[in-house]
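Enquirer: Single-letter residue listing:
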Amino acid sequence: MSTILPLTLTDVAVRRRGKRLLGPVNLTLGEAGLTMIIGPNGSGKTTLLRVMHGVERLSKGHVEWSVTEDAARHRQAYVFQTPIMLRRSVADNLRYPLHLLGLPKAEVETRVGRWIARIGLEERTGLQATRLSGGEKQKLAIARALIRKPDVLFLDEPCANLDGASTREIETLLQNALAEKTRIIMTTHDLGQARRLADSALFMLHGVVHEKGSAEDFFNAPKTDELQAFFRGDIIA
Amino acid sequence: MSTILPLTLTDVAVRRRGKRLLGPVNLTLGEAGLTMIIGPNGSGKTTLLRVMHGVERLSKGHVEWSVTEDAARHRQAYVFQTPIMLRRSVADNLRYPLHLLGLPKAEVETRVGRWIARIGLEERTGLQATRLSGGEKQKLAIARALIRKPDVLFLDEPCANLDGASTREIETLLQNALAEKTRIIMTTHDLGQARRLADSALFMLHGVVHEKGSAEDFFNAPKTDELQAFFRGDIIA
Amino acid sequence: ADEIRLAVTTSFENSGLADVLLPAIKEDIDLDVQLLVVGTGQALRLGRAGDVDAILVHSRAAEEAFVAEKHGTYRREIMYNDFVLIGPKDDPAGVGKARSVAEALKRVGVTKPAFVSRGDDSGTHKKEIALWRAADFDPATFAAWYREVGAGMGASLNTAAGLDAYILADRASWLNFGNKANLTLLYAGDAALFNQYAFLAVNPEKHPHVQNDLAVKLEAWLTSPRAAELINGYTINGETLFTFNAKPE
Amino acid sequence: MNDIYEGLVSAFWLVVTFDADLMEISLRSLQVSLTALVIASAIALPLGTFLAIRRFRYRRLVISLLNALMGLPPVVVGLIVYILLSRSGPFGVFGLLFTPTAMIIAQVVIITPLIASITHQAMRELWAEYHDLLISLNTSAWQRIKTLIWDGRRNLLTASLAGFGRAIGEVGAIMIVGGNIDNATRVLTTAIALETGKGDFALALALGFVLIALAIGINICIHWLSRTEREGRW
Amino acid sequence: MNDIYEGLVSAFWLVVTFDADLMEISLRSLQVSLTALVIASAIALPLGTFLAIRRFRYRRLVISLLNALMGLPPVVVGLIVYILLSRSGPFGVFGLLFTPTAMIIAQVVIITPLIASITHQAMRELWAEYHDLLISLNTSAWQRIKTLIWDGRRNLLTASLAGFGRAIGEVGAIMIVGGNIDNATRVLTTAIALETGKGDFALALALGFVLIALAIGINICIHWLSRTEREGRW
Ligand SMILES: Nc1ncnc2c1ncn2[C@@H]1O[C@H](COP(=O)(O)OP(=O)(O)OP(=O)(O)O)[C@@H](O)[C@H]1O
Ligand SMILES: Nc1ncnc2c1ncn2[C@@H]1O[C@H](COP(=O)(O)OP(=O)(O)OP(=O)(O)O)[C@@H](O)[C@H]1O
Ligand SMILES: [Mg+2]
Ligand SMILES: [Mg+2]
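Residue numbers (our numbering), protein chains in the order written: chain A, 1 to 237; chain B, 1001 to 1237; chain C, 2001 to 2249; chain D, 3001 to 3234; chain E, 4001 to 4234.
Please keep in mind that the hints were generated in silico from the structure rather than gathered at the bench.
Among the clues, some could well be false.
No more than 20 angstroms apart at the CA atoms, straight line, and that leaves these computed lysine to aspartate or glutamate pairs for DMTMM-like [said to hold, decoys possible]: (1) C:Lys2112 with D:Asp3182; (2) B:Lys1019 with A:Glu122; (3) C:Lys2026 with E:Asp4021; (4) A:Lys19 with B:Asp1011; (5) B:Lys1019 with A:Glu226; (6) B:Lys1060 with B:Asp1011; (7) D:Lys3146 with B:Asp1092; (8) A:Lys19 with B:Glu1123; (9) E:Lys4146 with A:Asp92.
Next comes chain A alone, as it looks inside the complex (with noise of 0.2 angstroms):
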C-alpha cells in the first residue's frame, strides 16, 4: 500500500472578511504516526485540521500530498468536532461511504455489523442517528471514518463527549489503526490523552504554529513560556 504522504502545506494562509484565522503556516507531516494538535481555544486548531483535509478554502499557499489531490482524497477521513449525521438510521450512516467506495453489500454489511458492536451501539441500529445522544453521535461519527480504513485520518476533539470508558475504548482504536500504518492527526483538549497517544505535537496560537516536536520533547521540555503556561492552565495572553 503506496501511501500519500508526506504532507506538505506552503505558506497557508486563510482570512475572513480581513481577519487572518490561520497563517502564515509552512509543515511537513510525515509518513507515519500520529500528531497531536494543540491549544487555546480560537487559536486555529480546527482551522488548520480543516486546510489539511481540504475542506476550507485557502486565501494563500498551498496543500500538497505525494499523489494527486484526487487520489489523496480518497483515501482520508475526517471526524469534525461537532458530529455531523446524516438524517438517516444508525446503520446507514455507517454504510453511506461504503456504498461510495461501491463495495459488495456482503462487504458491508460486515463491516457494519463490526463496527456497530465497537462502538456498542447495537440496540440503537435501526434509530435516527440524529436522535442519539452526545458521546454517541461522536463515536459514530468515529466509526464512519474508520469503517473506509484510511491511510490518513483527521479526528477534531473526537473524545470531548465521551465517558471514561468510550475515551479508552477509542484510543486503542485509533492505537490499532497505528498499528496498521494509519497516519493519525488530531487534536484534543484533553493533555493526558495529547500525551498518551502522540508521536509528534503542534501548539498552535493566534492561528500559527507556535511550537512543534516529537512528543517527548514538546511534552517534558516546552520551548516557549506560551507553551509552558498553556500546560499549566494559564491564560496566554
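Model the placement of chains B, C, D and E with the ligands on the given structure of chain A, informed by the hints.
Expert: Chains B, C, D and E with the ligands only, in chain A's frame:
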C-alpha cells in the same frame, strides 16, 4: 429573593417508540449547591436534565417546583450539550435573553459588554455566532445563560470543548454564581471537574439514578459496583 | 369517426347551438367536430397557421381579407342572428323608447350612462363601432363612462352586469347568459343589427395537411336542409335565435 | 417562430420609446401585485411560521388544507370575489368591483396559501434548530414567530418571490374582478390575454416579454438588495 | 351569495351522481397535472439541488432568473408553446397542438421554475448541514444531489405540492394550447372558464368546488402517505 426550589420529580419516565430512555425517577433537589450528574454515554443524563428544565415531554410522572410552572420557567437557564447559536452576532446572542426580559437598553449594553469581556470574545463581538470555534460557542452559551442571573442553572457538559484555561475560568464563574445562591445542576465527563465542583452527585445508568449522595460519600466511598467500575473507567454491562 | 377542428367565436359557442348541431353532424355524416372557442382574431390566426381545418366567424371584412390572402378559397354564409342592446331595467337613457338603433345609441351617447364595449376587435366589437359611427359618434373620443373591457362576450356581459351598464350583445349569448342581474333587453330588431355567420375552409394549397375533404363535407352538411331545420328550430324560452340563410351552390 | 421574433422587436421598441400605454399598464401591474404581495406576506409569514412552531390537534389537517389551497383555481377565486363585491353581494355597497382594489383582494386570496406553505416549510428547519433554546428562554408564541422570521428572513425570500411571481403573472381572477377596463383596470396580463384573443400574437408576446423583463428586474433588485448569497458559505 | 350556495349544492349533486362528463374532465385534469408534475419534478428537483450545492460564476444570476421565471405569465407560455407546436411552427409536424400532450408541455414550463426555486431554498439548509461531510467523503456532484434529495425528501414535498397546485388550477396556457375541446382537451379549469363566460356561475362554482375538493383530497393522501409530520419533533 424567594427561591423556586426544591425541585421534585415524581415517578418520571420518558419513553420514545416503546423504548424507555429515562425512569422511573423519583428525586428531590434541595435549595442550594451544585449537583453533578455523571454516567456513561447514553445513560440518560441529558434527558434527565431536559426533563427537569421542562424541555422534554414526559411519558409519565411530573416535575414540580415550589412555585407555579410559569414563575419557575422565568428563573431558569440551560446550556445545551451542543450549543445552540442564534444566527446573529455574538453581541446579539447575549442581548436576546435580556430583550426578552424587557430590560432597559443601557442595562442591556452594560451586561453584554461585561460578559463579552469575561469570556474573552471582545474581538468577535460583531461576528455571526455560528462561525465561532467550538470552544467559543460553548463559552458564549454559558454567558448567555448566566447573563439573565437565573436562580437555577442547568449545564450539559459545558466544558467539553474548552481548553484548560477556559475550563478554569468557567469553573470560577460557576463558583461565583454559587456564592450568589444560584442553584446549579450539571453533567460532565471530567471526573476531576466533578470532584472540584460538586456538593452532591447523581450517577445515571440505563436511564435510572443508580446512586446518589453528597459529594464526599459519592466520590470517596461509592457504594455500588457499577459506580466503582465507572470511576475506574471500566465498561459497565 | 373522422375528426375535424373548427375554430368558432365565443358568441357562437355561448349560444348553445353547437350542442344541437354537433350530435346531429356526428349522426348524419359520422364526423366529430372539435370546437376551438376563441376570439374572432384568434380564430382567423388559427386558420392562417393551418392549425384548424375550418373557421366559423362573423366579421365580414376580416373574412374577406382572409380569403384575399388565399388562406381560404371562399366564404360561405350559413346563417345570421342579430345584435341586441342590453341595459339596466330602469333604462336611464331611454333606449327602450328608440325607434332605430341609431337613435338608441344617440340617447346613450348623450346621456352617457355606463356602457361596456367588448374592445377586443371581435366581430361584435367591430359591429358596435360601425353602429356608433352610423349614429355620428366616435367611440375613440368617449370619456370614462364608455368602458372598453377587452374581453369575450360572456366576460363582457359579466362586467356589464356588475356595472349595471349598457352593452351591445348578440342575441344568442344574451339569451343563454345566466348572470342577468339587473339587465334586460332594451332594443332589438333594426335591420342594421343583423349578424352574418360564415364558414371558411382553410385553403389546402397553403396548408397541405388540413382535412379539406372533411371541411367540404361539413360545409355541405351546414348548408343542407337538415341543418336549416335544426338552426331555424333552435329556440331558447320560445325565441328563435338564428336564421338559416345559406344559398345553395 | 416569426411571431416570437417580431414580439421581441416590438417589445424592444415599446420599451425604448417609453410607450405611454405600456408605462401605465406596467405600473398598474406592479402596483397591484406589489400591494397584494405586501398584504399577503403580512398574513402568510406569521401564519406559516405559526404552523411550523405550534402543535395542535388539527395541525396536519390545516397544513394539508393550506397546501391544497395553493391549487385554488384563480377563475374560481375571481368568481367568488366577483359575487361578494357585486352590487347584489354583501360588500356591494363599497363599490369595489372593477377597481384595482378588487384585483388586489383576489390576488391576496390566491397567493397567501402559497406564501404560507413555503414559509411553513422554510421555517421548520430553523425551528428544529431553535426549538430547545426558545422554549428554554420561555418565549411567547409571538416572540418565537418574530425571532424565526427575523433570523430566517433569507429563507423567506423564495416564499415572497414565489408569491410575487404568481401575482404578476396571474390573469384569470383579475380579469373577472377587474374587468380589464382600458385606462382603469387593465394590467399587463389582461392586456396580453386581450391581444391573444385578437390574434395579435406579436403584440401579446411583446407585452409578455416586457412582463418577464419586469419580473427579472425586480428579482435581481431584490437579490441584490438582500445580498442573499453574498455572505453564504463557499 | 345565492350563486355560491347553489354552486355548493350542484357540486354535491354532480359528485354523488357520478356525472359522466365531470368524471371525464376531472380525470383528464388529474392526468395532465400529475404527468406535468412528474416531469417537472424530475427536472426541477435535481436542478434546484444542484443550484444549492454548486458555486459557479453566474449562480446568483441563474437563481434570480429562476425566481423571475416563477412569474412567467401562463398566457405567454401558452402562446409560445402554441407557436412552437403550431403547424407552421418548428414542431408542427408532430401534430401535438390541441392535445393533452401540448397541455402537459405548457404546464411543465410553468411549474418547473416554481419547483426548482422552492427546492433550492429547501436544500440550502440541508446542504449547509451536510456540506463538510459530503466534501470530506469526496462525493461527486451527482452523489451529493442524490443524498440531499433523499435525506431532504420531506422538505421537497412542499415544492412538489406547490407545483401541483399551480398546475391543477392553471387555465391561461392550457386554454391556448389545448383549445378546451369537448371530449378531447377540456379540463376542470377550462370548463370553469367556459361556464363563467356563459354567466352560469353556479355551475362554474360547482366545478370549482369539485376541483378544490380534488386538490384537498390529493394533498391529504400525499400527507398521509408520506407521514410528513408523524415522526416530527414534539
Ligand atoms: N468569518 C470569520 N471572521 C472572523 N473570525 C472568524 C471567522 N470564522 C471563524 N473565525 C474565528 O477563527 C478562529 C479559529 O477557529 P478554530 O475553529 O480554528 O479554532 P479552534 O482552535 O479549533 O478552537 P476550539 O478549541 O474552540 O475548537 C476562531 O476564533 C473564530 O472565532
Ligand atoms: N427516539 C428514541 N428512540 C430510542 N432511543 C432514543 C431515542 N432518542 C434518544 N434515544 C436514546 O436515549 C439515550 C439517552 O440519551 P441522553 O442524551 O440522555 O444520554 P446522555 O447520558 O446525555 O449521553 P452522553 O453522555 O453521550 O451525552 C441515548 O442512548 C439515545 O440513543
Ligand atoms: Mg476547534
Ligand atoms: Mg448528554
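Enquirer: Please write out, lowest number first, the hints stated earlier that are contradicted by the structure.
Expert: 4, 5
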